[in-house]
Amino acid sequence: AQTVTQSQPEMSVQEAETVTLSCTYDTSENNYYLFWYKQPPSRQMILVIRQEAYKQQNATENRFSVNFQKAAKSFSLKISDSQLGDTAMYFCAFMNRNSGNTPLVFGKGTRLSVIA
Amino acid sequence: NAGVTQTPKFRVLKTGQSMTLLCAQDMNHEYMYWYRQDPGMGLRLIHYSVGEGTTAKGEVPDGYNVSRLKKQNFLLGLESAAPSQTSVYFCASKTSFDEQFFGPGTRLTVL
Numbered sequence: 001a002q003t004v005t006q007s008q009p010e011m012s013v014q015e016a017e018t019v020t021l022s023c024t025y026d027t028s029e030n031n032y033y034l035f036w037y038k039q040p041p042s043r044q045m046i047l048v049i050r051q052e053a054y055k056q057q058n059a060t061e062n063r064f065s066v067n068f069q070k071a072a073k074s075f076s077l078k079i080s081d082s083q084l085g086d087t088a089m090y091f092c093a094f095m096n097r098n099s100g101n102t103p104l105v106f107g108k109g110t111r112l113s114v115i116a
Numbered sequence: 001n002a003g004v005t006q007t008p009k010f011r012v013l014k015t016g017q018s019m020t021l022l023c024a025q026d027m028n029h030e031y032m033y034w035y036r037q038d039p040g041m042g043l044r045l046i047h048y049s050v051g052e053g054t055t056a057k058g059e060v061p062d063g064y065n066v067s068r069l070k071k072q073n074f075l076l077g078l079e080s081a082a083p084s085q086t087s088v089y090f091c092a093s094k095t096s097f098d099e100q101f102f103g104p105g106t107r108l109t110v111l
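Read top to bottom, the protein sequences are chains U and L. The working numbering puts the first residue of the first sequence at 1, with every later residue one more than the last. The working numbering puts the first residue of the second sequence at 1, with every later residue one more than the last.
The hints are simulated quantities; they were obtained by calculation from the structure and are not laboratory data. Any given hint could be a false lead.
What the hints assert, rightly or not - In the DSSO-like style, the derived pairs of lysine-lysine whose C-alpha atoms are separated by at most 27 Å in a straight line are:
| no. | chain 1 | residue 1 | chain 2 | residue 2 |
| --- | --- | --- | --- | --- |
| 1 | L | K57 | U | K108 |
| 2 | L | K9 | L | K70 |
| 3 | U | K108 | U | K55 |
| 4 | L | K71 | U | K108 |
| 5 | U | K55 | U | K73 |
| 6 | L | K14 | L | K71 |
A quick note: this is a predicted structure, and the numbers were derived from the prediction, not measured.
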């Protein structure tokens with residue numbers, strides 16, 4: 001079974017600074033997706049970024065980028081130029097691609113506060 | 001295109017009462033999921049469905065039942081609610097090898 005670990009329950013960052021959220025995972029699979037989801041106070045789960053395991057290039061989406069280290073099973077999220085609207089819970093998630101119906105496995109989340 | 005919707009958004013129950021949460025999606029997705037979110041626990045899978053008429057247990061299925069009579073709907077039932085089922089419930093759907101799309105969540109309190 002897969003497990004996802006987020007070792008930072010809470011973090012804070014000054015507006016306009018850069019912050020990195022950590023995520024490690026454990027799996028014996030070789031074909032999978034990794035995701036970062038954002039959950040603002042509205043509760044809505046919003047996909048931030050996705051990484052396919054077979055791609056060596058790290059995914060980027062505007063101010064959000066990942067550092068994917070497959071051998072180390074590490075998948076960190078870097079937020080550049082932090083904005084007040086980035087304040088949210090962030091969840092790392094794993095999905096096995098070898099079967100189409102597999103659900104996401106989530107970490108316990110990191111609460112990020114952006115301070116003005 | 002409404003995406004994934006959940007009904008109701010909030011509900012308060014007394015211990016022993018029953019209720020059904022409705023999830024509907026208009027994206028013709030095959031796969032649908034019910035999660036619960038508790039503080040410090042992330043999202044945990046309750047039940048899921050790989051197609052109309054099929055359901056399967058997830059990580060925390062006890063005390064819940066589900067049905068998928070129509071492809072677009074996935075119902076989560078609590079037959080006899082307990083305070084331990086106080087949580088926020090999320091429904092999600094997806095195609096085979098794609099991201100999951102989430103509904104807005106239902107906050108349930110069991111007194």
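Hint by hint, here is what the structure shows:
1. L/K57 with U/K108: Satisfied, since the Cα-Cα distance of roughly 21 Å is no more than 27 Å.
2. L/K9 with L/K70: 21 Å, holds
3. U/K108 with U/K55: Within the cut-off at roughly 26 Å; holds.
4. L/K71 with U/K108: Status violated; Cα separation ~30 Å.
5. U/K55 with U/K73: 14 Å, holds
6. L/K14 with L/K71: 31 Å, violated
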